[in-house]
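J.: Note that the protein sequences, when read in sequence, are chains A and B.
Per our numbering: the first sequence ends with 417, consecutive numbering throughout.
Per our numbering: the second sequence ends with 417, consecutive numbering throughout.
None of these hints come from the bench; they were simulated from the model.
Keep in mind that a hint or two might mislead.
For identical chains, the list gives no copy identity; a pair is met inside one copy or between any two copies.
What the hints assert, rightly or not - Straight-line Cα separation of at most 27 Å, DSS-like style, residue types lysine-lysine; simulated pairs:
1. 404 - 311
2. 130 - 181
3. 59 - 315
4. 387 - 340
5. 315 - 404
6. 373 - 181
7. 100 - 181
8. 182 - 84
9. 206 - 59
10. 362 - 387
11. 206 - 404
12. 182 - 404
There are 2 protein chains.
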Amino acid sequence: MKKNVIVGQSGGPTAVINASLYGVVYEALNREDTFGTVYGMINGIEGFLSDHYIDMKPLEISGELELVKNTPGSYLGSCRYKLPEDLNDSVYVQLFEKFEALDIGYFFYIGGNDSMDTVSKLSRYARKVSSDIRVIGIPKTIDNDLVETDHTPGFGSAAKYIASTVREIAIDASVYDNKKSVTIVEIMGRHAGWLAAASVLARKFEGDNPVLVYLPESDFNQDVFISKVRKSMEKTPNLVVCISEGIHDKNGTFICELASDVGVDAFGHKMLTGSGKYLENLVKERLGVKVRSIELNVCQRCSSSMLSKTDQKEAIASGAYGVKCAIEGETGKMIAFKREKDEPYTIGYTTADVDIICNKEKTVPDEWITKDGTDVSDEFITYAKPLIQGEVSVAMEDGVPKFAYRRTKSGSSKF
Amino acid sequence: MKKNVIVGQSGGPTAVINASLYGVVYEALNREDTFGTVYGMINGIEGFLSDHYIDMKPLEISGELELVKNTPGSYLGSCRYKLPEDLNDSVYVQLFEKFEALDIGYFFYIGGNDSMDTVSKLSRYARKVSSDIRVIGIPKTIDNDLVETDHTPGFGSAAKYIASTVREIAIDASVYDNKKSVTIVEIMGRHAGWLAAASVLARKFEGDNPVLVYLPESDFNQDVFISKVRKSMEKTPNLVVCISEGIHDKNGTFICELASDVGVDAFGHKMLTGSGKYLENLVKERLGVKVRSIELNVCQRCSSSMLSKTDQKEAIASGAYGVKCAIEGETGKMIAFKREKDEPYTIGYTTADVDIICNKEKTVPDEWITKDGTDVSDEFITYAKPLIQGEVSVAMEDGVPKFAYRRTKSGSSKF
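Can you make the complete structure from the sequences, with help from the hints?
T.: As structure tokens, then:
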């Protein structure tokens, strides 16, 4: 009578998406009265369609599951697979036949916007065919752009990495503090500036770096930027500027596209470059000062060295809470956070309708961005600071972090 | 009768150059019977020429000195200032007048190749004018390219950061392990490949990433590279390739120069790009697979999150040992490490002639590089592994690392 459970991960990884996996698996394995086997999909719904899945129980027995908790990346592998809009598509029949064959009663999917689209479609299809399968989404994204939740697991650790790294970059930039210089740090975020905004958590005193912060929520003007940089260097000779990768002009053209319009590589093709590199050239050209650009790149989502304890705790809890909600009969829902208090920081767990979440994007509120679009307000700091608190001690082995490695069918390790 | 001490930092910073500063200052302050005031030059010899220096004693009293130990960057500020070859230049007269005015008897300079050039010139000038000032160099460079020493402080922490980060990047790259991909990681090192070589410490099992590692010690051939990448992907679908920034073709042309020969930015100027970006475009063009390049950039020298305990301990000890050598009358010397044993790893401290060091560059030995130039041997691993062992717990404050900040004369903080 006991139904089985399946869990998958989808979309870009975060430093705590495996903590959410841990939360789901640990909770489900410890309710043997309710659940049968707990399966993990390999490469999400895409891998599952090719019958790639594993039994999660051996991981608990071997102790590997504890290691999974602190391992960045997606332990089960991920995918970017969009289910068809048309619920009459044969892929749904195929998927639900596979669910039935494995006697799946509970489906958990850990991911962001696109993954919640999968949760939405699967739950709607289940309703359509009167299937009892309960479909629950567990939120994950460093971008923090999901609506209906105070924030998303993954954001806190990325924000902590960004703030700490920008702090260190500012120190590095200031060793030649008898010469003027500009350092541009490019941070992830195509449409939402939450991560770039988190760089202000690096500030330690009035006027400290990063002095200028640009989010995609405001239009970016190159001339105004240059005059701001010039003026800011009068007070801060070693200026650090943080930008979202998605900054754009008033016509909506990404700054990085301006560069690739003109740059040509060795093969005569458009040279793809980042916004930071573009602005580095702009500052060099216009101001003639020493300038450097730094792209934080994937390290901001995969570093285990700056895991936020708060973030990891909430990631685990949201996985576990998802299991509880599924038992209580919920489906077509994403686990959401409701902030109860800023200080001391407390949140509660609730559920939100995935159909609303999957089509929306939450950006930084206008009133949290200063009028000139070069900084964020204290409200943002009050909001973000609790999310980066606490540290996680990652086990080390031979001088580098010890992580979990999934074995492939051939017996070799995955990574 | 007691002479005073002055210490400075010069060249690019490392994660432990302040640990060496701590070593010099702590040791000197604790020999009140021998030394008078302990001064710190602000911005090295360049700042000292403008009378920028501070008394270090208050730092010990306030406890700030303990914080300096774990702070990346150069606490005293740095410079890139080359003293004239001609010892008859008036700048030497000027400097030694300033030394005399401050009653300096001991001069310590923490830095790499160029800084040892300063040590060499000052000690030779001292001899020339029969000055008693003892001039001692304390080694520092992430590049590990100083001769006459087993390795240099700063290398171990950078190597630990690189190995850990490449590990995390490999995990991140493998989340879509059902699709082929190439990730190119560009690592510092213009002429010596020690840091890129350190990426192999990330490997956890036979055939693990990084599969290919390219150092500037070997000539780089693009066609051979592409066929190696193609072949390696057969076994490792999510391939990670690590390269030194300084890889070059058989004519000595840097790979990054090939790109800037053709790329043009928005202003019609040569677009400066890195070797990694160039190879990203090359792989995309030739192999058509998903490819990404990541430049570790300044993080590899300024991150406090992967400080090697071994490296920090040796940095402090080399500072302290420098003080002892100066007392014993040595001058014109750099503190050097002599490895006594690989396992258990033990080193001894000694001194080496700066005149030899300042004009040479130590590269990775040919016999430690595999014949095809895509990997390093076990000898390298035996050499490098002890240097990344042990962790340092950095104090945290408000969710980010707590660092020391030097106050400027105006009372505001430096950084």
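J.: All hints are to be evaluated individually against the structure, with a verdict given for each.
T.: Evaluated hints:
1. 404 - 311: both (18 Å within a copy, 17 Å between copies)
2. 130 - 181: neither (68 Å within a copy, 33 Å between copies)
3. 59 - 315: The answer is within: 22 Å in one copy meets 27 Å, while 43 Å across copies does not.
4. 387 - 340: within (16 Å within a copy, 47 Å between copies)
5. 315 - 404: both (20 Å within a copy, 23 Å between copies)
6. 373 - 181: neither (30 Å within a copy, 44 Å between copies)
7. 100 - 181: between (65 Å within a copy, 23 Å between copies)
8. 182 - 84: Between. Shortest inter-copy distance 19 Å satisfies the 27 Å Cα cut-off; intra-copy 49 Å does not.
9. 206 - 59: So residue 206 and residue 59 pass the 27 Å test across copies only (24 Å; inside, 46 Å).
10. 362 - 387: Classified as within: same-chain Cα gap 25 Å, cross-chain 48 Å, threshold 27 Å.
11. 206 - 404: Result: close only across copies, 9 Å inter versus 32 Å intra.
12. 182 - 404: between (41 Å within a copy, 25 Å between copies)
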